[in-house]
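Chain order of the listed sequences is A and B. Just so you know, we're using the working numbering here: the first sequence kicks off at 272 and counts up by one. Just so you know, we're using the working numbering here: the second sequence kicks off at 21 and counts up by one.
Don't read these hints as lab results, they were simulated from the structure. Among the clues, some could well be false.
[To be verified] Here are a few chain B residues that face chain A, going by a calculated C-beta distance under 10 angstroms:
1) Gly71
2) Leu127
3) Tyr131
4) Met139
5) Thr145
6) Ala206
7) Leu304
8) Met309
9) Thr315
10) Leu316
The beta-carbon is built from N, C-alpha and C at its ideal position, and this holds for glycine as well.
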Amino acid sequence: MLTADLLANAVVAGILLGGFYAAVAIGLAIIFGQLDIVNIAHPAFIIVGAYTAYILNSRFGFDPVLVGVLAAPIFFIVGAGIYRIYYAAFERTGQESLSGLAFFFGVMFIIEVVLILVYGVDYRLVAARYIGSTWSLGFVDLPFRLLVPFVTAVALTAGVYAYLSRTFMGRAIQAVAQDRLALQLMGANPVSVKQWAFALGMATAAIAGSLLIIIGPVEPSVGRLYIGRAFAIVVLGGMGSIPGMFIAALILGVVESLVTTFWGPSWAPAVAFGLLLLTLAFRPSGLFGR
Amino acid sequence: MKISAFWVVVVAIFVGGLVLTEVVDNEYYFTALYVILQATIMAIAWNILGGFTGYVNFGSAAFFAVGAYTSIALNKSLGLPLPLLIAAAAIVCGLIGLGVGYLTLRLKGVYFAIATLAMAIVFETLITNWAYVGGARGAYILTPETFLWFKSYIQMVFIVMLMLALTAVAISRMLNSSRIGRGLAAIRDDEVAAECAGVPTLRLKLISTTVMGALMGVAGAPYPFFVTFVDPVSAFNLFIAVNAIAMPMIGGTAHWLGPVIGALLVGTTQEIITVNVSSELNILLVGIMLVLFITLAPQGIVGLWLKYWRRRKK
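The following block holds chain A by itself, in its conformation from the complex (with noise of 0.2 angstroms):
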């Protein structure tokens, strides 16, 4: 029944986990958010950071949270990549709309299957020392399984935050989002700003990733899950913007923590996404949106 320590504790889960979400949305509050890419596979790069991060660990026992901080360039590469791939068939000619959608939804499909047909439909997990073990306060426990990936989350939260505002590339970035004639006239290339944009986002599914299986065991299709649950905190957080965003994270955190642990988790998937649909509804431009 409902004991104050059980809530306590509920919420204190709920909290570090929207932590984690805001690693899992940051990715997507620059590449839909600001960028306006519908870029569906975000989750599915995410599956691929832990099946990275998995691979690293079970072979050679690296820190999962190290080889995803090692594995961010190469997302980042990637990402160029496929921002131009993107740029080319879609945007260029303007049916991102239709085909980029569904675009993204193939390039998902297509992780999804190969993840299967490679590692099979089990569960996967990764090993470290602190991933087991509780931190005790009071009533309140902490376990370093969702400790850590929060810590790491709002590191690289913050970070972006200050690249985004602080740097040169990361003001152009935003000048991007606001608007792109107006750059251009400035004589920038919008095309290449996206391009470090998308990059930039990407390399952040990376880190997502190895958090993620840190958190629990992946299989393939996890990834489907956490597409309404990064959609829904962008849009909840207003379109782009880092702050809202983590907050949006830490409340969508919460509320599924309390359905988790006073309905069962069986619904907790259904909380992301009628957060998102009763957004979409009564507030589109979401908490704080411009």
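Knowing the structure of chain A, use the given hints to seat chain B on it.
Below, chain B without anything else, positioned relative to chain A:
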């Protein structure tokens, strides 16, 4: 002239199907044809919104599954016969299409696409937690003892599916060449311009999503009678949604014939590969074909053929 030719072909195909049930005894062929016809209806339905109107639906599997589960629930509670179940599924899924469309189609197009993805998971969660229709364990359907004048049960289900598929083709063709179809094409090409020219865009888009939802429900309604065991994982399979997008994209989206050609071609290829090679490879192939066609030949097979034909005419 052209109208009569179309109806002659429709009647000819239906008679051909009836003859097939008299001549062929091997049940595999009817199973394979059923699967292809089911995919054809899904492709036609997807194309009414995706191809004619330009809005992407990722939640095809949800409409299909809700159609199937409407059948299961009404068959279990009231014992309704299949034709009434199909009508009920059409109504339920049409209303869902209308509802989702009403909530999101006033916003930008991408929100509709994301909302359909969301809807698929919400319905999957609801049905997984609904014990009356079996929940996560799934539900069995008892097949009827008699099957009219047909030699086997599968033949009867096949003829039902053939009638539904031909009806779907006729509806799609009617929409494509009517006043509504021209309005939908205007929305697809430039929604703002269409709105300014006096096209009632929201109403047309809602008609389009309702018809799409109803047809997908119709495709799903006989599914429990075809497989006799349905669980949420198989009914909400992502593969259904991918096929519904890939077939029109490969066939060509602008013309009503596109999804039919795409579905027959891809569906037949899938059956051949599944039997001769492996079903995993077949799934991968559809994904790769989808991505290749979208990037290299966005007009699909019908578009390529038209281009070739025009060049030869010159």
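Hints versus structure:
About 8 angstroms separates the beta-carbon of Gly71 (chain B) from the nearest beta-carbon of chain A, less than 10 angstroms, and the hint is met. At a threshold of 10 angstroms, the smallest CB-CB gap from Leu127 (chain B) to chain A is about 5 angstroms, leaving the interface hint in force. Interface restraint check for Tyr131 (chain B): the shortest CB-CB distance to chain A comes to about 5 angstroms, inside 10 angstroms, so the restraint holds. Annotation: interface hint on Met139 (chain B) holds; nearest CB of chain A at approximately 7 angstroms, less than 10 angstroms.
The criterion of a C-beta within 10 angstroms of any C-beta in chain A is met by Thr145 (chain B), whose closest approach is roughly 4 angstroms, and the hint holds. The restraint placing Ala206 (chain B) at the interface with chain A is violated, with a minimum CB-CB distance near 15 angstroms, outside the 10 angstroms limit. Checking Leu304 (chain B) against chain A: minimum C-beta separation of about 5 angstroms stays under 10 angstroms; hint holds. The beta carbon of Met309 (chain B) comes within 9 angstroms of a beta carbon in chain A, closer than 10 angstroms, and the hint placing it at the interface holds.
Residue-level restraint check for Thr315 (chain B) holds (minimum Cβ-Cβ distance to chain A is 4 angstroms; threshold 10 angstroms). Against a cut-off of 10 angstroms between C-beta atoms, the interface hint on Leu316 (chain B) holds, since the closest Cβ of chain A lies about 8 angstroms away.
Checked against the numbered hints above, the structure breaks only hint 6 and satisfies the rest.
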